[in-house]
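Colleague: Here's the letter readout for the chains.
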Amino acid sequence: MEFLGYERPDGSAGIRNYVAVISSGRCANEMAANIADAVPGAVPVIHSHVCVRLKDDNEKALRVLSGIGSSPNVAAAIVVGIGCENPSPATIGSEIAKSKKPVKVLTIMESDGFQSFIDEGLATTRSMVAEASKLQRKPFPLSFLTLGVKCGGSSAVSGIAGNAATGMVFDRLVAEGGTAIFSETSEVIGADHLIAKRAVNEEVARKFRDMVARQEAMITATGEDIRGTQPTRGNIAEGLVTLEEKSLGAMAKSGTSPLQGVLEYGEKPPGKGLYFMDGSAMTSELISSEAAAGAHIHIYNVGGGVSSSFRCAPGWMGDIPFIPQISVVSRRSKPHDSQETDFFDIFADTVIEGTESVNEVADRFFNEVIAVASGKLTKREMRKGYREPIVLYSTGPIL
Amino acid sequence: MKRAMRINSEDNTATALSDIEAGESISLVSKSGPVGEMTTKQAVPFGHKLAVTDIKKGDKIMKYGEVIGLATQPIGKGEYVHIHNVASALLPGAKEVK
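So the protein lines, in turn, are chains F and Z. Read in order, the letters of the first sequence correspond to residues 170 to 568 in the working numbering. Read in order, the letters of the second sequence correspond to residues -13 to 84 in the working numbering.
If you're looking for bench data, these hints aren't it; they were derived computationally from the structure. Mixed in with the good hints, there may be bad ones.
Calculated cross-link-like contacts (lysine-lysine; reagent style DSS-like; alpha-carbon spacing at most 25 angstroms) [claimed, not checked]:
id, chain 1, residue 1, chain 2, residue 2
1, Z, K(-12), F, K366
2, F, K303, F, K273
3, F, K273, F, K437
4, F, K503, Z, K(-12)
These figures come from a predicted structure and were not determined experimentally.
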């Protein structure tokens, strides 16, 4: 099977064709937004990273910001900064340049002043957009595609509706030779032994167990025992009986393919197939890392209840305009909220209502993935307005 | 007819897709559609589970084709499966925490 994408110089294929104006640090966010907002076809990448962080968090930020710039959905990138950021604008730019796409680095420190900096930013953005606009879509096999996933507002039926259908979509993409990434390290505690047994070899299984143990040690160090507090009272009232059941419901979205490898936050998978990435259960943080790892599309599974009536997407679901987000809901509000139709792309509540099987939802869902990959806009892409900076995962203190 | 989902053929539990009363005839469905019928012995709320086979004390409780816990008492086919008769297989003490 094929989709229509944009050929990139590094041999990858994009499904969107934006010029990214990347802020190298929080201080430069406004400049990046002002430049990008003035040019149709350009999007700003603004975020929460600041220079008063330690080495490990600076490395994570470099991996994610350069990874986002290297995304196949980005035709060309401009990194803008003051010049004093860590990671430096030049380092972010040289990392992005490894993807062979056009990259330009502009800093206030190396400019003749603010106005000339903005002028040069606008001129560069316009010429990059003009160049990108000449590109036509062409057919690529599905093996070029990478999907990322996250679930939130889980309900008793997430595991047997939306997450089950997503798992089947993942399995189908992997069967086509594509790549799928799942994460949420804290959510696999309790099901880690079951995911580990899907690993392709003992080394991957060990790395996976080590990553989960590292996360659990970080949680325990705060004085909380996640195993003793899960499932929560609310989960039990919803029908979940054990931590294993809760974790398995969350992990249902990974499907049944063998686990090829384990990635650090924002790390690119070295091959095709199913990968686990270290990351938090905060959606706005996770979408950044999955985008940095090369995910073309982000799947967001909403369980139901309050979360299905909630429309504040940028803060909750993350905000990377060039990564289309397919929103899935497992249980609709009753009576049906008319705005739901404008918010969600895939309704998996039909499994609960009895009008469709999980297989049928997965068929429809997989076709939607191919359509979105070929250019169909998601509900999320058809809304504009309020914007949030991307949140970057950090584990160390702020100085 | 009300329905319950047995997500994997190895499961000895199914998840109620609506509130089910005791003594109701229900349809069991898999990922691909209906797979059979059975009668409940106890009421099972939406999203909660019932046993689809007789389960002995100490037996594995299966959902998603995986072990989600162990039976702490015998559970008859059609009976409600919840924290009163299941404990985590990983955490013997986890039940007391709630």
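Colleague: Enumerate the violated hints, using their earlier numbering and listing them in ascending order.
Modeller: 1
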